[in-house]
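Student: Sequence:
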Amino acid sequence: MGLTRERCRINIIHVKTSQLPIVIASGFNGDPRIGFMDAHVELSASRSESSAALIASRDDDWMGRLRDAIQKEYGLTVTTIVVAPRGYYAETWKFTSGARDYFVKLDSTGHQQRLRASLPVIDHLWNHGIRFINHPIHTVNGHLYSEFSGGTLAIFDWITGHNVETDAAKPAEYDMLAQVYALSLGDVTVPQLHFSRDLADRFFAIWNGLERGSDVDNMLEAHRDVIELRASRLSMLAEICQGDQSGFVLTHGDAGGNFMTDGDHCYIVDWDEVQLAPPERDAWVTCTKPWARTIFDDALQRHGINYVLQPERIAYFCYHMLFFYLSEVLSGVNKSDPAVEIRDLLDGWTKGRMKWADALEIGSNPS
Numbered sequence: 503m504g505l506t507r508e509r510c511r512i513n514i515i516h517v518k519t520s521q522l523p524i525v526i527a528s529g530f531n532g533d534p535r536i537g538f539m540d541a542h543v544e545l546s547a548s549r550s551e552s553s554a555a556l557i558a559s560r561d562d563d564w565m566g567r568l569r570d571a572i573q574k575e576y577g578l579t580v581t582t583i584v585v586a587p588r589g590y591y592a593e594t595w596k597f598t599s600g601a602r603d604y605f606v607k608l609d610s611t612g613h614q615q616r617l618r619a620s621l622p623v624i625d626h627l628w629n630h631g632i633r634f635i636n637h638p639i640h641t642v643n644g645h646l647y648s649e650f651s652g653g654t655l656a657i658f659d660w661i662t663g664h665n666v667e668t669d670a671a672k673p674a675e676y677d678m679l680a681q682v683y684a685l686s687l688g689d690v691t692v693p694q695l696h697f698s699r700d701l702a703d704r705f706f707a708i709w710n711g712l713e714r715g716s717d718v719d720n721m722l723e724a725h726r727d728v729i730e731l732r733a734s735r736l737s738m739l740a741e742i743c744q745g746d747q748s749g750f751v752l753t754h755g756d757a758g759g760n761f762m763t764d765g766d767h768c769y770i771v772d773w774d775e776v777q778l779a780p781p782e783r784d785a786w787v788t789c790t791k792p793w794a795r796t797i798f799d800d801a802l803q804r805h806g807i808n809y810v811l812q813p814e815r816i817a818y819f820c821y822h823m824l825f826f827y828l829s830e831v832l833s834g835v836n837k838s839d840p841a842v843e844i845r846d847l848l849d850g851w852t853k854g855r856m857k858w859a860d861a862l863e864i865g866s867n868p869s
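Using our numbering, you'd call the opening residue of the sequence shown number 503 and step up by one each time.
Honestly, the hints are just simulated from the structure, not real lab data.
Glycine is no exception: its CB is placed at the ideal position from the N, C-alpha and C atoms.
Incorrect hints may have been included.
Mimicking PhoX-like on lysine-lysine, the simulated pairs with C-alpha atoms at most 20 Å apart in a straight line are [claimed, not checked]:
{"#": "1", "residue 1": "574", "residue 2": "596"}
{"#": "2", "residue 1": "857", "residue 2": "791"}
{"#": "3", "residue 1": "853", "residue 2": "791"}
Derived Cβ-Cβ restraints for the label pairs, each shown as a range [claimed, not checked]:
{"#": "4", "residue 1": "712", "residue 2": "738", "range": "46 to 56 Å"}
{"#": "5", "residue 1": "582", "residue 2": "860", "range": "24 to 34 Å"}
{"#": "6", "residue 1": "694", "residue 2": "602", "range": "48 to 58 Å"}
{"#": "7", "residue 1": "726", "residue 2": "561", "range": "44 to 54 Å"}
{"#": "8", "residue 1": "688", "residue 2": "645", "range": "15 to 25 Å"}
{"#": "9", "residue 1": "651", "residue 2": "602", "range": "45 to 55 Å"}
{"#": "10", "residue 1": "727", "residue 2": "645", "range": "21 to 31 Å"}
{"#": "11", "residue 1": "738", "residue 2": "574", "range": "51 to 61 Å"}
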């Protein structure tokens with residue numbers, strides 16, 4: 503069911519499987535009003551800071567050319583434009599034209615092809631009633647993006663709010679995702695996940711190229727045994743999961759990190775990484791916890807999706823994403839202290855998830 507705004511009533515109850523008060527949502531006919539608790543790490547924080555630093559280096563001449571490009575390509579006269587540090591890879595701004603605000607994303611990295619490929623998918627979702635996403639604005643020639651300064655320029659309606667990644671937000675997040683999963687994609691082209699250990703191989707290739715004895719190398723060496731164990735388990739799980747291609751839906755890839763609220767309305771933004779994959783690609787961050795799996799499964803059933811989260815697939819994505827983040831840190835995408843980020847990844851926010859995945863007896867069905 504697509505709606506202009508997602509509203510729901512939130513009831514806080516205590517669930518025996520968790521020490522936390524868990525929010526159970528009812529009446530999913532609109533935007534959830536969220537209670538905030540148990541905040542997780544905002545995964546894109548350091549990259550947002552890097553994006554903001556790049557934006558700050560743009561001079562008046564460059565900004566003038568950006569304004570001109572927006573006028574020419576979109577027919578929008580920019581009256582004010584300010585930095586909007588929401589970018590993961592891209593440079594981002596908020597600008598005003600007439601009485602409306604807009605969000606500008608300029609991606610000049612190797613990721614821009616994914617941005618381009620995602621835009622028809624986002625447009626399809628919007629045109630089929632999904633209103634809790636960022637709506638792409640068409641150019642005067644009807645295109646979904648333009649080219650500027652060696653990058654891909656896309657403009658969206660501005661969404662007011664801030665990222666909230668909390669346990670309390672999960673019922674609303676999962677219900678919104680289930681609405682997307684239930685939607686037919688028609689002839690829209692979406693890249694499909696292939697279960698593999700490729701990200702682990704990428705990580706080890708980058709690590710092998712590091713200077714021996716550096717802070718980063720020493721940090722990794724201190725964790726070598728557990729890293730190699732997780733790479734081995736990723737290989738086993740990939741082989742198991744390859745035999746079952748059922749249950750694939752349109753996934754976001756980081757819905758929690760892009761769940762936004764203004765206090766009244768909720769949105770899931772930044773659909774650059776859309777992929778046909780099992781729901782566990784969106785579920786793994788919290789669904790190592792029984793209460794979260796229950797809420798996710800209930801959302802699927804509520805929207806007519808006959809699927810139950812599978813522990814092996816959750817564990818696969820725990821390892822898969824660990825090696826993704828490690829590779830991103832080592833490749834310098836974050837432009838921050840890699841030793842600190844690696845410590846945070848191995849001993850910080852992923853630790854509980856990895857402990858769950860490490861303990862999973864492959865082929866079992868843990869509670």
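Student: Quick check: does the Cβ-Cβ distance between residue 582 and residue 860 fall within 24 to 34 Å?
Tutor: violated, 51 Å
Student: For the pair supplied as a hint, residue 853 and residue 791, confirm whether the alpha-carbon distance does not exceed 20 Å.
Tutor: holds, 13 Å
Student: Confirm or reject the claim that residue 727 and residue 645 have a C-beta distance inside 21 to 31 Å.
Tutor: violated, 51 Å
Student: Look at the Cβ atoms of residue 738 and residue 574 and judge whether their distance stays inside 51 to 61 Å.
Tutor: Taking Cβ atoms as reference, residue 738 and residue 574 lie about 54 Å apart, which means the hint holds.
Student: Using the C-beta atoms of residue 688 and residue 645, is the stated range 15 to 25 Å upheld?
Tutor: Taking Cβ atoms as reference, residue 688 and residue 645 lie about 20 Å apart, which means the hint holds.
Student: Could you check the hint for me, namely that residue 694 and residue 602 are 48 to 58 Å apart, CB to CB?
Tutor: Given about 36 Å between the Cβ atoms, the range is violated.
Student: Please check whether residue 712 and residue 738 have a Cβ separation lying inside 46 to 56 Å.
Tutor: Cβ of residue 712 to Cβ of residue 738: about 27 Å, so the range 46 to 56 Å is violated.
Student: Taking 45 to 55 Å as the hint, is the beta-carbon distance of residue 651 and residue 602 inside that range?
Tutor: Between residue 651 and residue 602, where Cβ atoms are some 24 Å apart, the hint is violated.
Student: Take the C-alpha atoms of residue 857 and residue 791, compute the straight-line distance between them, and say whether it is at most 20 Å.
Tutor: holds, 12 Å
Student: Between the alpha carbons of residue 574 and residue 596, is the straight-line distance 20 Å or under?
Tutor: holds, 18 Å
Student: With 44 to 54 Å as the target window, see if residue 726 and residue 561 comply at their CB atoms.
Tutor: Roughly 46 Å apart at Cβ, these two residues keep to the hinted range, so it holds.
Going down the numbered hints, you'll see the structure goes against 4, 5, 6, 9, 10, while the others check out.
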